[in-house]
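**Student:** Sequence order for the protein chains is A and B. Going by our numbering, the first residue of the first sequence is number 2, and it counts up by one from there. Going by our numbering, the first residue of the second sequence is number 2, and it counts up by one from there.
Hints listed in this document are in silico derivations from the structure and should not be mistaken for laboratory results. Treat the hints with care, since some could be wrong.
Which copy is meant is left open, so a pair is good if it fits within one copy or across any two.
[To be verified] Simulated pairs of lysine-lysine, DSSO-like, Cα-Cα distance not exceeding 30 Å:
| id | residue 1 | residue 2 |
| --- | --- | --- |
| 1 | Lys-198 | Lys-28 |
| 2 | Lys-355 | Lys-16 |
| 3 | Lys-16 | Lys-28 |
| 4 | Lys-310 | Lys-28 |
| 5 | Lys-198 | Lys-16 |
Protein chains: 2
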Amino acid sequence: MPDTRVEIIRRLARKGAGPALERALGKSRPQDVATAIAHLAPAEQRRVLAGIADLDDAATVLSTVDDVDRVRLVAHLDFERLVSILEHMEVDDEADLIAELPVELRERVLEAISDDDQEHVEDIMGWPPDSAGGIMQPLAFRCSESDTCRDAISALHEQAEDLEMVFYLYVENDQEQLVGVASLRQLLTHAPSTALKDMMISDVLTVGPMTDQEEVARIVSRYDLLALPVVDEHRRLMGIVTIDDVLDVIQEEAVEDMLLMAGVGDELDPADTSVISAARQRITWLLITLVGGIGMAELIGVFEGALEKQAVLAGFIPVILGMGGNVGTQAATIAVRNIATGHLGTDGTRGTAKVLFRETRVGLLLGLFFAFSLGTYTLLRWMDQPMLGAAIAISITVTVVAAAAIGTMVPITLNRLGADPAVATGPFVTTGIDAVAIVIYFGTCVAMLGL
Amino acid sequence: MPDTRVEIIRRLARKGAGPALERALGKSRPQDVATAIAHLAPAEQRRVLAGIADLDDAATVLSTVDDVDRVRLVAHLDFERLVSILEHMEVDDEADLIAELPVELRERVLEAISDDDQEHVEDIMGWPPDSAGGIMQPLAFRCSESDTCRDAISALHEQAEDLEMVFYLYVENDQEQLVGVASLRQLLTHAPSTALKDMMISDVLTVGPMTDQEEVARIVSRYDLLALPVVDEHRRLMGIVTIDDVLDVIQEEAVEDMLLMAGVGDELDPADTSVISAARQRITWLLITLVGGIGMAELIGVFEGALEKQAVLAGFIPVILGMGGNVGTQAATIAVRNIATGHLGTDGTRGTAKVLFRETRVGLLLGLFFAFSLGTYTLLRWMDQPMLGAAIAISITVTVVAAAAIGTMVPITLNRLGADPAVATGPFVTTGIDAVAIVIYFGTCVAMLGL
Numbered sequence: 002m003p004d005t006r007v008e009i010i011r012r013l014a015r016k017g018a019g020p021a022l023e024r025a026l027g028k029s030r031p032q033d034v035a036t037a038i039a040h041l042a043p044a045e046q047r048r049v050l051a052g053i054a055d056l057d058d059a060a061t062v063l064s065t066v067d068d069v070d071r072v073r074l075v076a077h078l079d080f081e082r083l084v085s086i087l088e089h090m091e092v093d094d095e096a097d098l099i100a101e102l103p104v105e106l107r108e109r110v111l112e113a114i115s116d117d118d119q120e121h122v123e124d125i126m127g128w129p130p131d132s133a134g135g136i137m138q139p140l141a142f143r144c145s146e147s148d149t150c151r152d153a154i155s156a157l158h159e160q161a162e163d164l165e166m167v168f169y170l171y172v173e174n175d176q177e178q179l180v181g182v183a184s185l186r187q188l189l190t191h192a193p194s195t196a197l198k199d200m201m202i203s204d205v206l207t208v209g210p211m212t213d214q215e216e217v218a219r220i221v222s223r224y225d226l227l228a229l230p231v232v233d234e235h236r237r238l239m240g241i242v243t244i245d246d247v248l249d250v251i252q253e254e255a256v257e258d259m260l261l262m263a264g265v266g267d268e269l270d271p272a273d274t275s276v277i278s279a280a281r282q283r284i285t286w287l288l289i290t291l292v293g294g295i296g297m298a299e300l301i302g303v304f305e306g307a308l309e310k311q312a313v314l315a316g317f318i319p320v321i322l323g324m325g326g327n328v329g330t331q332a333a334t335i336a337v338r339n340i341a342t343g344h345l346g347t348d349g350t351r352g353t354a355k356v357l358f359r360e361t362r363v364g365l366l367l368g369l370f371f372a373f374s375l376g377t378y379t380l381l382r383w384m385d386q387p388m389l390g391a392a393i394a395i396s397i398t399v400t401v402v403a404a405a406a407i408g409t410m411v412p413i414t415l416n417r418l419g420a421d422p423a424v425a426t427g428p429f430v431t432t433g434i435d436a437v438a439i440v441i442y443f444g445t446c447v448a449m450l451g452l
Numbered sequence: 002m003p004d005t006r007v008e009i010i011r012r013l014a015r016k017g018a019g020p021a022l023e024r025a026l027g028k029s030r031p032q033d034v035a036t037a038i039a040h041l042a043p044a045e046q047r048r049v050l051a052g053i054a055d056l057d058d059a060a061t062v063l064s065t066v067d068d069v070d071r072v073r074l075v076a077h078l079d080f081e082r083l084v085s086i087l088e089h090m091e092v093d094d095e096a097d098l099i100a101e102l103p104v105e106l107r108e109r110v111l112e113a114i115s116d117d118d119q120e121h122v123e124d125i126m127g128w129p130p131d132s133a134g135g136i137m138q139p140l141a142f143r144c145s146e147s148d149t150c151r152d153a154i155s156a157l158h159e160q161a162e163d164l165e166m167v168f169y170l171y172v173e174n175d176q177e178q179l180v181g182v183a184s185l186r187q188l189l190t191h192a193p194s195t196a197l198k199d200m201m202i203s204d205v206l207t208v209g210p211m212t213d214q215e216e217v218a219r220i221v222s223r224y225d226l227l228a229l230p231v232v233d234e235h236r237r238l239m240g241i242v243t244i245d246d247v248l249d250v251i252q253e254e255a256v257e258d259m260l261l262m263a264g265v266g267d268e269l270d271p272a273d274t275s276v277i278s279a280a281r282q283r284i285t286w287l288l289i290t291l292v293g294g295i296g297m298a299e300l301i302g303v304f305e306g307a308l309e310k311q312a313v314l315a316g317f318i319p320v321i322l323g324m325g326g327n328v329g330t331q332a333a334t335i336a337v338r339n340i341a342t343g344h345l346g347t348d349g350t351r352g353t354a355k356v357l358f359r360e361t362r363v364g365l366l367l368g369l370f371f372a373f374s375l376g377t378y379t380l381l382r383w384m385d386q387p388m389l390g391a392a393i394a395i396s397i398t399v400t401v402v403a404a405a406a407i408g409t410m411v412p413i414t415l416n417r418l419g420a421d422p423a424v425a426t427g428p429f430v431t432t433g434i435d436a437v438a439i440v441i442y443f444g445t446c447v448a449m450l451g452l
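I would like the entire structure built from these sequences, with the hints used as guidance.
**Tutor:** Right, here's the structure in full:
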């Protein structure tokens with residue numbers, strides 16, 4: 002159903018502006034309009050945004066489209082319309098958009114929006130974009146400790162315009178400190194004369210504005226919260242992070258991890274980036290691979306004498322490198338995952354030693370199994386050279402154990418150093434393991450086969 | 002703060018049961034108790050679960066711990082206590098747990114729980130675990146079209162016990178069809194005499210019970226919903242999927258994709274799986290790599306004559322394979338990601354051809370750049386053999402273009418065939434690209450160098 006709607010908008014937008022497009026836009030959910038925009042050419046995108054009559058809808062569309070499309074759309078937007086759309090956005094989205102603007106336009110926009118909005122936007126923009134302060138919604142439903150349910154309900158009436166996504170009501174004492182929380186449901190099921198103090202939950206989980214958004218997501222998801230209050234050092238309520246924003250954070254972080262693991266930067270939509278910029282985003286890791294590969298050519302060159310006597314040794318290079326690389330990547334993935342879930346890292350060095358010992362044993366088990374398989378193949382294939390089979394078996398075992406250990410240690414070390422452990426599954430580690438594997442392999446063969 | 006709490010529980014549980022442990026458990030959030038359990042030995046885990054006096058807390062703990070721990074804990078739980086804990090769980094978690102039980106125990110438990118619970122649990126268990134029906138909460142806050150706000154509020158009072166996470170009230174007509182939805186906030190801000198019909202939103206997004214949980218997550222996140230109703234073919238409300246469950250789905254799927262991409266099965270917690278079972282989970286993909294590697298040894302064997310004449314050719318095997326593998330994995334990651342976001346696949350073959358053309362051009366650009374770098378290195382290093390540099394440059398270009406095309410096509414094809422495209426970043430594709438790369442490389446060298 003939404004997909005036909007997207008189809009209709011795309012068709013109309015391609016034909017040109019007009020009342021039919023405006024009617025279709027008026028009948029569509031803004032999220033579907035945003036999806037349609039992703040498939041359109043820049044001129045058509047502008048036509049669609051211009052055709053949205055409802056400012057709330059236009060605000061949702063502009064908050065929902067991809068960053069690249071948004072920047073392009075905003076650049077062509079008339080100043081007055083931009084300001085009206087911004088004033089209909091949720092404050093956190095408004096702050097994100099204003100932060101993306103060129104400095105001069107940003108100043109003009111901040112001057113033009115309402116004083117309230119300006120204050121809230123500046124509250125958010127003062128914090129890093131991936132911190133609790135940077136993703137919070139400064140508007141929250143606040144009541145005083147001395148209020149009753151009746152007071153709270155009438156306050157809700159008055160603030161109805163400004164508040165979005167209200168689930169909880171935050172109770173403050175006369176020093177404006179957060180002392181409790183109550184749900185709308187409690188308001189409905191308690192007598193109007195009940196004091197908030199008597200029904201609120203006073204053991205409230207909170208975070209500070211500098212808490213990382215991943216930590217915020219972890220707390221919201223772990224304790225099944227709908228919103229998490231952000232408080233300052235005096236426990237005064239600064240804003241709330243709502244679960245729908247947490248959903249975005251989790252998706253964003255998962256995608257980031259995945260793209261990071263493959264070394265493709267933040268290239269998301271093939272329609273959005275040019276071929277040249279796509280190539281540029283991918284080139285870093287490929288350059289590491291290339292430099293690593295040249296190093297490998299030099300390293301293998303050291304053993305050229307052995308290769309001239311035994312050309313068959315070249316044939317095992319792929320299997321040795323492939324097994325090492327895969328075992329290393331698997332160990333690194335497990336480590337990255339366990340760091341992310343908090344299973345690794347809380348225990349300090351004792352936990353690390355335990356995990357490393359375990360991964361090494363897994364590697365040894367796998368190594369022995371593959372030594373047996375690959376050794377048997379080699380023995381049967383080159384029956385006249387039994388030492389070749391033995392040398393291959395020994396090198397694969399040592400390589401796999403080393404790869405498991407390296408793959409485990411690199412993400413743990415990166416995490417300790419404050420870097421993102423997800424980088425560890427990339428070409429740095431694979432290239433390192435490759436070099437170790439080549440030295441193990443040729444070293445063993447030269448020693449055992451007397452080359 | 003929660004981390005010290007986890008620490009206290011762990012210390013007390015290791016010392017043994019006792020009133021100190023029970024007091025600490027009574028003062029802790031059940032989610033923290035679940036985290037503490039992850040770090041304990043099986044006997045200590047049982048001691049902790051036994052020490053939780055509050056049945057609601059025990060239910061949350063048991064729903065929150067890892068699958069492996071849960072199965073082990075339940076196996077040692079006294080039948081009466083198991084039934085009481087189940088009756089305090091949210092119905093969807095209750096159904097998940099009962100589905101995990103051995104058949105005989107499952108039958109006994111279904112007999113022992115209340116008739117209402119049994120009915121709801123069976124409602125959920127009838128659907129696949131990753132469908133909307135399998136993750137829905139059958140209890141929803143329902144009212145009739147003819148009710149007023151006052152009626153709804155008093156209904157909420159009566160149902161207060163059973164309902165968890167109430168955000169919306171679902172309005173049904175006299176054929177029990179879902180006709181609208183209203184928020185608790187609307188109940189609070191409208192006059193008690195307002196008819197629900199007059200304030201509800203009647204354009205309600207719904208899904209069927211067989212809708213995949215990933216699709217449910219996409220809808221909830223796209224439209225910023227707190228809950229999504231599941232309806233049968235007559236549009237009768239069967240249950241709702243709430244945003245906190247969607248959060249779990251998104252995390253689960255992201256982790257699944259990541260582990261799938263590295264071929265490590267569903268091995269999550271190093272403390273939970275034995276070394277042997279960890280090795281077993283990882284072995285499938287390594288076996289593919291091994292078999293692929295043996296194939297590669299045979300393939301290179303074909304060119305043994307060339308290698309005997311030019312041992313230096315062996316040195317370039319890693320860089321050719323490494324570049325091909327990385328470019329292929331990057332292209333596959335982009336394709337998997339674009340399938341997941343819906344950017345790829347909606348357009349049918351036209352979109353595919355466009356993406357393939359684009360990726361091939363990115364590959365060509367990268368290939369030419371690397372041909373230049375690697376070719377220059379080779380020319381400078383082996384100045385007496387200019388044709389070697391040319392052969393290397395041509396092979397790397399062709400390999401990289403082929404890798405980009407293969408990496409793009411495999412996930413798209415897998416998706417068409419109904420398989421999970423994330424598998425494409427694994428050793429299947431890398432091994433395939435390896436074989437193609439070796440043939441391109443040695444073929445070009447043999448032809449150009451006259452070996």
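**Student:** With reference to the structure, classify each hint as holding or not holding.
**Tutor:** Consistency of the hints with the structure:
For a Cα distance limit of 30 Å, the shortest separation of Lys-198 from Lys-28 across copies, 21 Å, qualifies, whereas the shortest one inside one copy, 45 Å, does not. Proximity of Lys-355 to Lys-16 under the C-alpha cut-off of 30 Å is restricted to the inter-copy arrangement: shortest distance 21 Å between copies versus 64 Å within a copy. Taking the shortest alpha-carbon separations for Lys-16 and Lys-28, only the intra-copy value of 18 Å comes in at or below 30 Å, while the best inter-copy value is 65 Å. In this assembly of identical chains, Lys-310 and Lys-28 lie within 30 Å of each other by CA distance neither inside one copy nor across copies; the values are 77 Å within and 73 Å between.
Taking CA atoms no more than 30 Å apart as the test, Lys-198 paired with Lys-16 passes in neither setting, with 60 Å inside one copy and 39 Å between copies.
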